[in-house]
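Using the sequences and the hints given, assemble the complete structure.
There are 2 protein chains.
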Amino acid sequence: MEFAEYIPFWNKLTEAQQERIAGVIEYREVPKGTHIHDSSAECLGLVAVRSGQLRAYILSEDGREITIGRLFEYDVSLLSASCVMPDLQLNAMIEAEKDTQFWSIPACLFKNLIDESLAVSAYANSLISGNFSELMWLMEQIMWKSFDKRLAAFLLEETAIEESNNLKITHEKIANHLGTAREVVTRMLRYFQNEGMVALTRGTIEIVDADKLEKLQNT
Amino acid sequence: MEFAEYIPFWNKLTEAQQERIAGVIEYREVPKGTHIHDSSAECLGLVAVRSGQLRAYILSEDGREITIGRLFEYDVSLLSASCVMPDLQLNAMIEAEKDTQFWSIPACLFKNLIDESLAVSAYANSLISGNFSELMWLMEQIMWKSFDKRLAAFLLEETAIEESNNLKITHEKIANHLGTAREVVTRMLRYFQNEGMVALTRGTIEIVDADKLEKLQNT
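Residue numbers (numbering that gives the first Met the number 0), protein chains in the order written: chain X, 0 to 218; chain L, 0 to 218.
Don't take every hint at face value.
[Unchecked claim] With a cut-off of at most 35 Å between alpha-carbon atoms, the simulated DSBU-like pairs for lysine-lysine come out as follows:
#1 K144/L / K214/X
#2 K11/X / K110/X
#3 K144/L / K31/X
#4 K214/L / K148/L
#5 K97/X / K110/X
#6 K144/X / K144/L
#7 K167/X / K148/X
#8 K144/X / K148/L
#9 K31/L / K144/X
#10 K97/L / K214/L
#11 K11/X / K31/X
#12 K144/L / K172/L
#13 K144/X / K97/X
#14 K148/X / K11/X
#15 K144/X / K11/X
#16 K110/L / K110/X
#17 K211/X / K31/X
#18 K211/X / K144/L
#19 K172/X / K144/L
#20 K172/L / K148/X
#21 K110/X / K11/L
#22 K167/L / K144/X
#23 K144/L / K214/L
#24 K172/L / K214/X
#25 K214/L / K144/X
#26 K211/X / K172/X
#27 K172/X / K148/L
#28 K97/L / K144/X
#29 K167/X / K144/L
#30 K110/X / K148/X
#31 K31/L / K211/L
#32 K97/L / K110/L
#33 K31/L / K148/L
#34 K11/X / K110/L
#35 K11/X / K11/L
#36 K144/X / K172/L
#37 K211/L / K167/L
#38 K148/L / K148/X
#39 K211/L / K144/X
#40 K148/X / K144/L
No lab work stands behind these hints: they were computed from the structure.
Below you can see the structure in the form of structure tokens.
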């Protein structure tokens, strides 16, 4: 029952509730690039990440994307269980950014647990509150922050996640994270290169001057 | 105890819980323009609107605003009680758009009720989920919709709220709702006027062709 460790409210459940989870919880391993949830498909349920990296994003009618959250080891998300939350109407998609292992608790069981357990209800509350706060933060960035600063922040975040100054990521992918067009990303990266902050080679962005990016991000 | 009618979870409380609310609930009448909550001030608590109109918005460092939600009669908001939700970090402000009467349940009591009542916890959950969904919708509008459509939608919403085709609202106020600059609003309104959709006079915007605005909004 390794999964118990990945379910934050596990110790607050009764034994009977724990057994119900143990009976239906699903374990999956998916390769990088897999779409594990999309808004039109059936509701996946609560997702708990064992290893790897997931990305939640929204999609416009004409195919543009913007990342609204990322999930790492030990993270739990309700965005794939919106069907059980009557007031949660959203079209979030979730895809694996790396090879990922995760558990999912079916939506209907999770719904039952919310209805019968204060601890689970409080946990759902804190998850949604966290999502709401992150989305608010993201909207403030989009509204008030110029694109050069958002791109600098994204590159620094990626170097932290990858623990590397050599980012293997396409301009297209960055555009999908930040909700803009590829050309906009390319143009700004070239400007960063001219300013000596990054070096661009085919398929790779090398961070040359992280301090300068940091300063740009904070001005 | 007229307020009971404005508290959606009232009938699911124990008598003791109802008495605790009755003992501390506050009633206020504020004139249009009053700031009833700002992020730096102490936490107001749960707000329930008896009449009037409130607006929740966020503010950038340099003073730009964008409306994230509006509250009418019978609406309840948690945005003014974020202090009691540990994972809710936001800087929402709330102001009265019209003369407004409302009740507030102090934050600490509301926090206690969430912790002890499944019904209140579920209610808090649905409020935050609703806020999250609205914010997601708003972000999609900002990201994917051009400004002319957002302005058309705003004007139509205002005529519905005011039940009038003569809107007494400044370009500055509209800019603050939509998160843009006054000049941008003025320019677009002049274009709408040239297209025969609105007529502009000092301090008033008259909706001349609602159908055309509607079509613009939906294209």
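Checked hints:
no., hint, verdict
1, K144/L / K214/X, "32 Å, holds"
2, K11/X / K110/X, "16 Å, holds"
3, K144/L / K31/X, "31 Å, holds"
4, K214/L / K148/L, "9 Å, holds"
5, K97/X / K110/X, "29 Å, holds"
6, K144/X / K144/L, "19 Å, holds"
7, K167/X / K148/X, "20 Å, holds"
8, K144/X / K148/L, "23 Å, holds"
9, K31/L / K144/X, "31 Å, holds"
10, K97/L / K214/L, "30 Å, holds"
11, K11/X / K31/X, "34 Å, holds"
12, K144/L / K172/L, "20 Å, holds"
13, K144/X / K97/X, "29 Å, holds"
14, K148/X / K11/X, "42 Å, violated"
15, K144/X / K11/X, "42 Å, violated"
16, K110/L / K110/X, "22 Å, holds"
17, K211/X / K31/X, "32 Å, holds"
18, K211/X / K144/L, "34 Å, holds"
19, K172/X / K144/L, "21 Å, holds"
20, K172/L / K148/X, "28 Å, holds"
21, K110/X / K11/L, "19 Å, holds"
22, K167/L / K144/X, "31 Å, holds"
23, K144/L / K214/L, "14 Å, holds"
24, K172/L / K214/X, "34 Å, holds"
25, K214/L / K144/X, "32 Å, holds"
26, K211/X / K172/X, "23 Å, holds"
27, K172/X / K148/L, "28 Å, holds"
28, K97/L / K144/X, "31 Å, holds"
29, K167/X / K144/L, "31 Å, holds"
30, K110/X / K148/X, "40 Å, violated"
31, K31/L / K211/L, "32 Å, holds"
32, K97/L / K110/L, "29 Å, holds"
33, K31/L / K148/L, "28 Å, holds"
34, K11/X / K110/L, "19 Å, holds"
35, K11/X / K11/L, "24 Å, holds"
36, K144/X / K172/L, "21 Å, holds"
37, K211/L / K167/L, "21 Å, holds"
38, K148/L / K148/X, "27 Å, holds"
39, K211/L / K144/X, "34 Å, holds"
40, K148/X / K144/L, "23 Å, holds"
This entry does not satisfy hints 14, 15 and 30, going by the numbered hints stated previously.
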